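Visitor: Line by line, the protein sequences give chains A and B. In case it helps, UniProt numbering puts the first sequence at residues 1 to 388. In case it helps, UniProt numbering puts the second sequence at residues 1 to 218.
Hints listed in this document are in silico derivations from the structure and should not be mistaken for laboratory results. Here the structure is a predicted model, which means the values were calculated and not measured. Check the hints yourself; a few may be wrong.
[Stated by the list, open to error] Here chain B is said to cover these stretches of chain A; the calculated rule only asks that three of the stretch's residues, wherever they fall, bring their Cβ under 8 Å from a Cβ of chain B:
{"hint": "1", "stretch": "11 to 17"}
{"hint": "2", "stretch": "284 to 297"}
[Claimed, not checked] Partner residues are not named here, just some residues of chain A that face chain B (Cβ under 7 Å, in silico):
{"hint": "3", "residue": "D300"}
{"hint": "4", "residue": "P382"}
{"hint": "5", "residue": "V383"}
Even glycine gets a Cβ: it sits at the ideal position worked out from N, Cα and C.
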Amino acid sequence: MTSYLKLAAKNILRHRTRSLLTMLGIAASVGVLFAVLSFNKGFTEGLAVELERTGLHFMIVPSGCAHEVAALVLHGAVIPKFLDTGVMEHVEGTAGIDLATPILVAQLPDQQRGKIDLIYGIEMNVLEAIKPGWEITGTIPRHEHEVLLGYEVAQHDNLQPGDHFSSPAAGVDLIVAGIVGYSGSQDDAFVYLPIQTAQNLLGYPQSATAIGVKVDDPTRIGAITESLTSTVPGIQIVTMGEVMNSVSNLAAAARALSLAIVLIAILISAVGVMNSILMAVFERTQEIGMMRAVGASRWDIFRIILNETTILALVGGVVGIVLSTLGARLIEAFVRSVMPFVPSGDLIRFDPIVALGSVAFIFVIGLCAGIYPAVKASKINPVEAIKG
Amino acid sequence: MIELKHIEKTYRRGVETVRALRGVNLTINAGELMAIVGPSGAGKTTLLHILGCLDQPTNGDVLFDGVNTAGMPESQLVKIRREKIGFVFQQFYLIPGLSVFDNIALPLLFSKKPAQRKKIEQLAEMVGLEHRLNHAPAQLSGGEMQRTAIARGLVNDPAILLADEPTGNLDTENSEKIYAILRRLSNEGLTTIMITHNPELAARAERTVKIRDGLICP
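Pulled out of the complex, with its shape left as it was, chain A reads as follows (with noise of 0.2 Å):
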């Protein structure tokens, strides 16, 4: 039995090179679309993921910007410049802290194997607290000669427990207490030491990039960092929610651009079923002289034309998004490459809501494309497309 649905079917398999041209142009820009979109939400839930990692509340550093936060805490990089340690007697004095640890973060570059050590201080005796998900080859570090590797840093160095790990720019020689497993995140990276052995290490013997904070009631945040801040001159308190913000603030600007081109894209596209529906149209007149000769209204003739431009959409749309499903890899690699910061992980996900929003898209999109064309052909005089 012909349908409405299987009458616009045929005429699309008509043309079928036009038809398959027109339809992956419609899947390329929903299959972009669908990436941005997924990018962009596994880029929130994956620095949520990161932040919550580092299993601290906020991060007290000297005045400054909070950009400088968020990059220390999420890829290592190194402020300029140092809180006393003394601070930490207020901090630790403050009502509601669990924990403060000072941090202090550096890097040093290994020229003989060409690459940098990220050098991160902090009390040994809280990462038990903070990282609760580690699961550590070996041990925490006890003293101040020994060091905890990342799992990158001790797969670069192929370093197991109880090897050595020296840094010739610092000139020292430690000893690997432990590993820490696989986490997929910036942790992998990091060369863990005692804070006084950094310190000395780095040369900044009381003082610290920043000191880490858990509390014990994540919902008095807000009237900790207040008391904090009245009380302790100099200093600036940032929490995780503040870092996201500023880090998706950074990455704003450029997920608008990916977006305003995914979508410049999506309506060229949408031209492109516009413009093929419309030569189809032009060559069927007089088959559309002879259905409207044979009974059929305008109506009927605008819903064929609809139909067709709907599933050229719908299937363009769904066969985008499992191309960029099984591209996420590449896609992922390169906006990796292309972007300063990206948290850890997969971040371009099937994910079904984004999946039917993107199609949901395409289909309004390919309805309005489908419009003008349905709309010219249901105008087409009977008895002058017979005439031909």
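Start from chain A and add chain B according to the hints.
Guide: Just chain B now, kept in the frame of chain A:
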């Protein structure tokens, strides 16, 4: 019964005004097989389109069993085309992507009736195409295509079948087959009106109406 009273049709072609029909009076009886003949540009096709409610006269009345279709809105004309009229064209106008079965059933889609397989098979058998139902139009000969078009014109059980040069693209043998089908339909009570340039076919119709310069010749 169909009655045409004082039918005039004028239309513009560029700056020129064409008087295609200049006052046609014609009565067509139910079950009649009528041939319309005349030179090119005489107004035959215009007359057929007005009879088929595809076009409207500029003046005059078109009475289908006493109901005047002249001046009817398009929505009502569509209904009449679906329910009372079947069309057959010289160029067949089959849809290439659809099978013979689906081409025959196409008007049912627009009249919102279910395509009963048995009915389509009966029509195909009547025009000698029962073995071709699953074939594509490209696999058919010209005669077979026109027979498919006739079956399509009959699928809504029309009261009148209008054929615009149904044998115009066919050889003698296939023309004979088409005429035989039209003759048989007429014998079964279907009003059949065909435009033809074939004088032999026209001579075998029950009545031949000759049109020249938009007027029926006496």
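Visitor: Look at each hint and say if it fits the structure.
Guide: So, going through the hints one by one against the coordinates:
1. With 3 residues carrying a beta carbon less than 8 Å from a beta carbon of chain B, the stretch 11 to 17 of chain A meets the three-residue requirement, and the given coverage holds.
2. Taking a C-beta to C-beta cut-off of 8 Å, the stretch 284 to 297 of chain A contributes 11 residues in contact with chain B, enough for the three needed, and the coverage statement holds.
3. Interface hint status for D300 (chain A): upheld, as the beta-carbon distance to the closest one in chain B is roughly 5 Å, under 7 Å.
4. Evaluation of the P382 (chain A) hint against chain B yields a held restraint, the C-beta minimum of about 5 Å falling below 7 Å.
5. Annotation: V383 (chain A) was flagged as interfacial toward chain B, and the flag holds, the nearest CB pair being 5 Å apart, inside 7 Å.
Checked against the numbered hints above, the structure violates none of them.
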